[in-house]
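Let's have the full structure, built from the sequences with the hints guiding it.
Chains D and P are the protein sequences, given in the same order.
Adding 13 to a residue's 1-based position in the first sequence gives its number in the numbering used here.
Adding 13 to a residue's 1-based position in the second sequence gives its number in the numbering used here.
Same chains, same names: a pair is fine if it fits in one copy or spans any two.
Calculated lysine to any residue pairs in the SDA-like style (CA-CA distance at most 25 Å, straight line):
id, residue 1, residue 2
1, Lys262, Ser45
2, Lys159, Pro145
3, Lys159, Asn146
4, Lys153, Ile163
5, Lys159, Asn149
6, Lys159, Thr78
7, Lys176, Val46
8, Lys228, Ser142
9, Lys153, Asp80
10, Lys159, Ile143
11, Lys279, Leu289
12, Lys279, Glu191
13, Lys159, Gly83
14, Lys310, Ser274
15, Lys153, Ile143
16, Lys262, Val46
17, Lys176, Val48
18, Lys60, Ile118
19, Lys60, Ser49
Quick caveat, the hints were computed from the structure, so don't treat them as lab data.
Protein chains: 2
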Amino acid sequence: MHSFDLNSYLLSKRKQIDRAIDKKIDRTTHSSVIVSAMKYSLMAQGKRIRPILCIAASQAVGGQTEDVVGVACALEMIHTYSLIHDDLPAMDNDDLRRGKPTCHIAFDEATAILTGDALLTLAFEILSSIEPNDINDALKWLRVIKIIAIAAGYKGMIKGQIKDIASEGNPLGLEDLEQMHALKTGALIEASIITGAILGNGNFEQIEQLKIYAKNIGLAFQVVDDILNVEGDPVVMGKDVGTDQARKKSTYPSILGIEKSKEFAKNLVNNALQALDYFDNKADPLRAIAHYIVDRKK
Amino acid sequence: MHSFDLNSYLLSKRKQIDRAIDKKIDRTTHSSVIVSAMKYSLMAQGKRIRPILCIAASQAVGGQTEDVVGVACALEMIHTYSLIHDDLPAMDNDDLRRGKPTCHIAFDEATAILTGDALLTLAFEILSSIEPNDINDALKWLRVIKIIAIAAGYKGMIKGQIKDIASEGNPLGLEDLEQMHALKTGALIEASIITGAILGNGNFEQIEQLKIYAKNIGLAFQVVDDILNVEGDPVVMGKDVGTDQARKKSTYPSILGIEKSKEFAKNLVNNALQALDYFDNKADPLRAIAHYIVDRKK
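Printed below as a string of structure tokens:
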């Protein structure tokens with residue numbers, strides 16, 4: 014398992030995704046401000062976690078990367094839209110994201126709102142632009158669109174953001190914190206993995222195991238984010254640390270303490286790895302990503 | 014043609030749409046603030062122009078209302094999301110809409126941003142939740158989703174909003190004004206009509222004629238909106254008049270004068286009616302709507 018070279022895997026997948034995203038936007042030169050703002054936000058050196066998970070999940074069930082590159086791009090656009098809107102003055106009011114001015118700082122607030130809207134809408138344009146081969150293929154794509162819409166919507170990611178906003182000044186208990194993360198970031202991460210598996214023709218049991226994997230690494234990712242906000246290196250991370258405490262946000266370290274949070278993250282990753290026992294070495298990228306999530310420094 | 018009773022048609026279709034919209038939201042009781050804000054904005058006594066056009070277009074080609082109620086709801090959700098975001102302080106900064114406090118006034122700015130996001134996303138959830146009967150049906154639905162995503166996106170409605178914002182303080186010429194409206198409101202109106210016709214199994218020529226109809230009534234609708242902003246009755250309209258002039262916005266009356274604007278609107282409606290020559294009396298609702306658009310007082 015450890016012989017798998019995650020760094021070169023991530024690098025090559027990121028390149029592939031970046032190229033694909035660039036194509037999805039470049040084909041048109043409509044309304045230049047929006048296009049500039051979309052590219053600015055999409056190309057802000059994101060980790061591409063969701064697209065890579067989508068590709069890796071497809072691979073784990075024997076699918077081809079080419080078949081999921083479109084949905085991978087759409088997932089990154091939805092993620093990017095959510096960051097742009099979360100950063101707005103009325104929401105988290107963040108000036109920096111990945112070391113660069115946020116969209117409403119680099120452009121303006123109206124442009125940032127519309128750029129988020131545009132990316133969300135473009136995601137669904139991409140998802141509906143495929144040309145299915147047969148009825149099963151068409152049904153698969155409609156299912157993928159529905160899964161992503163539900164995950165991104167008011168029963169998923171948006172509900173999580175509402176809970177997050179409501180929690181400022183009203184500290185959450187452990188259970189509510191977990192539910193908030195499960196919605197705010199977990200839902201789209203799970204959708205990325207499930208849609209990858211569906212498009213790769215995964216069977217029912219594979220998809221069930223990947224759901225367990227997804228829930229565990231999704232939460233682990235957040236726990237580690239919380240930990241990095243306490244003891245991460247702002248230079249490496251390209252963003253400020255200590256901001257959660259300053260905002261009195263409920264986090265795993267604030268509730269469990271830093272050591273127990275690290276232990277919790279490790280347990281989650283172990284659960285995720287266990288769910289992959291059901292898979293052969295085609296799931297090695299997913300295994301390596303699970304390790305990466307706890308070990309990462311940014 | 015004039016024997017067709019538009020008022021009772023509009024009333025019955027509005028009721029049908031309102032019931033359907035209510036169902037789409039009511040089924041879940043997730044995240045109550047967002048659900049309240051979604052309902053508040055959706056149930057703000059809109060004219061339901063887009064859903065009704067969608068239904069009437071489907072009817073004109075021989076389709077059944079039941080087959081397009083879902084897409085009609087989705088179109089109204091996209092329209093409502095666009096109004097919520099357009100009203101935001103960073104955009105048009107409007108406090109009133111249809112005589113009621115706008116979403117960010119009734120709730121708050123963060124909730125309004127997220128409510129818009131939620132409605133846009135829910136539209137695509139609804140569109141992808143149908144259960145197609147066969148490959149042709151599935152392909153039709155994917156085509157419908159794509160048409161709506163393009164119309165609502167950065168090559169359509171959002172591009173129009175960007176142009177509209179840019180025009181404040183920079184008066185537009187007639188051609189740019191027309192292009193702005195064609196994008197900002199025309200694109201979604203056209204999509205409403207086209208998707209209705211596709212789902213009603215309209216043939217190529219029918220759809221081409223309906224595109225002409227759509228472009229003309231879409232623009233006529235805007236010209237009349239501009240006229241009503243000059244000489245409408247604020248009590249009947251439930252919103253202030255004279256706001257365009259106060260904001261120095263380019264409008265048809267400001268460029269053409271009020272009489273020429275009225276003439277222009279009438280010509281557009283005549284063009285729209287001409288495109289319907291190709292249809293039998295199943296297109297009477299579309300004909301009556303074209304008349305209504307120039308005659309309306311709000």
